[in-house]
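2 protein chains.
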Amino acid sequence: MTASIFDTDAPHPEPSTLTAFSGNTLDRQAEYRDEDCLQNALAVEGTHILAFTGNRLILKHDGQVLDPLFGAYELPELQPDFENAVLLGYRDNGEPRIAVPVGISADDLESRFKPTETRALYRDELLDEELLGEAAQAAALIHWNATNRFCGKCGAPMESRIGGYRRVCTACQHMTFPRTDPVVIMLTIDEERDCCLLGRSHHFQEGMYSCLAGFVEPGETIEHAVRRETFEESGIETARVRYHASQPWPMPHSLMIGCYAEARSVEIKIDEQEIADCRWFSRQEVTTMLDALPGSAVFAPQKGAIAHRLIRDWIDWPRK
Amino acid sequence: MTASIFDTDAPHPEPSTLTAFSGNTLDRQAEYRDEDCLQNALAVEGTHILAFTGNRLILKHDGQVLDPLFGAYELPELQPDFENAVLLGYRDNGEPRIAVPVGISADDLESRFKPTETRALYRDELLDEELLGEAAQAAALIHWNATNRFCGKCGAPMESRIGGYRRVCTACQHMTFPRTDPVVIMLTIDEERDCCLLGRSHHFQEGMYSCLAGFVEPGETIEHAVRRETFEESGIETARVRYHASQPWPMPHSLMIGCYAEARSVEIKIDEQEIADCRWFSRQEVTTMLDALPGSAVFAPQKGAIAHRLIRDWIDWPRK
Chain Y
40 MTASIFDTDA
50 PHPEPSTLTA
60 FSGNTLDRQA
70 EYRDEDCLQN
80 ALAVEGTHIL
90 AFTGNRLILK
100 HDGQVLDPLF
110 GAYELPELQP
120 DFENAVLLGY
130 RDNGEPRIAV
140 PVGISADDLE
150 SRFKPTETRA
160 LYRDELLDEE
170 LLGEAAQAAA
180 LIHWNATNRF
190 CGKCGAPMES
200 RIGGYRRVCT
210 ACQHMTFPRT
220 DPVVIMLTID
230 EERDCCLLGR
240 SHHFQEGMYS
250 CLAGFVEPGE
260 TIEHAVRRET
270 FEESGIETAR
280 VRYHASQPWP
290 MPHSLMIGCY
300 AEARSVEIKI
310 DEQEIADCRW
320 FSRQEVTTML
330 DALPGSAVFA
340 PQKGAIAHRL
350 IRDWIDWPRK
Chain X
40 MTASIFDTDA
50 PHPEPSTLTA
60 FSGNTLDRQA
70 EYRDEDCLQN
80 ALAVEGTHIL
90 AFTGNRLILK
100 HDGQVLDPLF
110 GAYELPELQP
120 DFENAVLLGY
130 RDNGEPRIAV
140 PVGISADDLE
150 SRFKPTETRA
160 LYRDELLDEE
170 LLGEAAQAAA
180 LIHWNATNRF
190 CGKCGAPMES
200 RIGGYRRVCT
210 ACQHMTFPRT
220 DPVVIMLTID
230 EERDCCLLGR
240 SHHFQEGMYS
250 CLAGFVEPGE
260 TIEHAVRRET
270 FEESGIETAR
280 VRYHASQPWP
290 MPHSLMIGCY
300 AEARSVEIKI
310 DEQEIADCRW
320 FSRQEVTTML
330 DALPGSAVFA
340 PQKGAIAHRL
350 IRDWIDWPRK
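Residue numbers (the working numbering), protein chains in the order written: chain Y, 40 to 359; chain X, 40 to 359.
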């Protein structure tokens, strides 16, 4: 038998595919974006559009059904801003998918329109995985375009180009490109004591414990960021780091990079300004927490969260 | 024997540490940055400063020695802009390390000052690994501050806060944070034919072939980005993806995420507008290319490049 560099002992071949927001299957045709691609896509009959008021996706609801897909003919009453629209890509059948910011405020929307935070789309399972993945791409790009209306170098207005993936200054020609913020999220494991480290933020729902996390800083490797953030938040020193999975996290435009970290110390020291609590949990405790419902005394993040995946896959890791 | 989740068959425990720009050991004290941290650090006797004109680090040269470390007393003639300075962190001995943009242009510098592109610091091995890592952090943050002088939402001036890690709009209070762009860089391997896929950009030095690479887009996992970029640039379909190493890449502020990708097709199809060439190379060919000097008929990126690491570690991977 030939060994393969791609064989690992992980319980899933690609755990990233088991996280929420990762189901986007659009063909982005990234190399072929040009000045006409958005207009051409809008002209295709049957094109469907995701509409955003601020950072909220507008869902149409008609009795039981929630539908995020608008036809072009449905948009005028919402004051669509096509200058800042985004071409997301193309479906298998060639149908383009577009995201459009609208001028009408959430408060002024008719009651048959439900403006919905990206986080709620996921938490309340309002869309299937494919549409949720499209909403992630759309929310990130709509937010980025909205926060880059003016040039960071000279303050003059910027204009959108190539379907919403470039902005160019009308005065100094400075260009800027969509932003994605890498975040490390890690499950620190003490293999000898068979336990893992979880913490809670002040803003978490009562009883929820999750993996520690933080932004990768300029000049860091992923492994550096994991060790620094773990130490800063918990006082725990870590040695080896193993990448496990990643997840698009469109609040507003992060890339979660999920890792395991090897504990090298035991005593926790937290800064209570930064986090509310941090504790070691045994294998038995987290196994219960993974299945516990929100509102239980202690519970883990819901299925679809990369933190859930990291914890679950540690529990399920084949023990040789 | 107990199996560990951290045991892998890779030839190095943490290949990221073997890449250029990864040697930064400053204690960032990221959780303790406040409005006074920069002034306090500047007031410490013996504080050393990295000075930038535009995106170029200024090296002092005195005969043979190139020295990037300025004392505060040496800066006034360079027109330092302390409003946009950055506190990088603290050395083992407690000494703060700071980066300062200066107003004097590269052309107006005296000949004992040598303004140097970040890429040249690495290519020509002008600094030791630790200083090179500090320069990476500094270059990224200096560039980010310089390109966010004005608010993207309203166009008013922004001001630097907490030592250069936050900018706040003086009119609308919009806040923005340092930017790091995740890039996937991958060695696609055909294990059956024992060969790997390398390409060359139009701007590469004649004869150099490297790994394919591209920015992670909003709404993608790392694995999605690897497969999309590989297909777009080469027409090659890939299946499994394995993370290997990461590298800070301060041109101006990327995080290179190095992966292996499993080839599922053979026939290469390139868009010559995008890349100049793309070819399969045998194990024997790349082994020679890794040691070949720039200027050889074909050669691989130099040691310290994450592409070099990916290729070298594939060659060195233990064959069971």
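Treat each hint with caution, since some may be false.
All copies of an identical chain are treated as equivalent in the list; a pair is satisfied when it fits inside any one copy or across any two copies.
Stated by the list, open to error - Taking lysine-lysine and the BS3-like style, the derived pairs with C-alpha atoms no more than 30 Å apart in a straight line are: (1) K192 x K153; (2) K192 x K99; (3) K192 x K342.
Please keep in mind that the hints were generated in silico from the structure rather than gathered at the bench.
On a predicted model such as this, the values are computed, not experimentally measured, just so you know.
Quick rundown of the hints versus the structure:
Proximity of K192 and K153 under a CA criterion of 30 Å is satisfied inter-copy only: 25 Å between copies versus 37 Å inside one chain copy. In this assembly of identical chains, the alpha carbons of K192 and K99 lie at most 30 Å apart only when taken from different copies (29 Å versus 40 Å within one copy). Taking the shortest Cα distances, K192 and K342 never come within 30 Å of each other, neither inside one copy (42 Å) nor across copies (35 Å).
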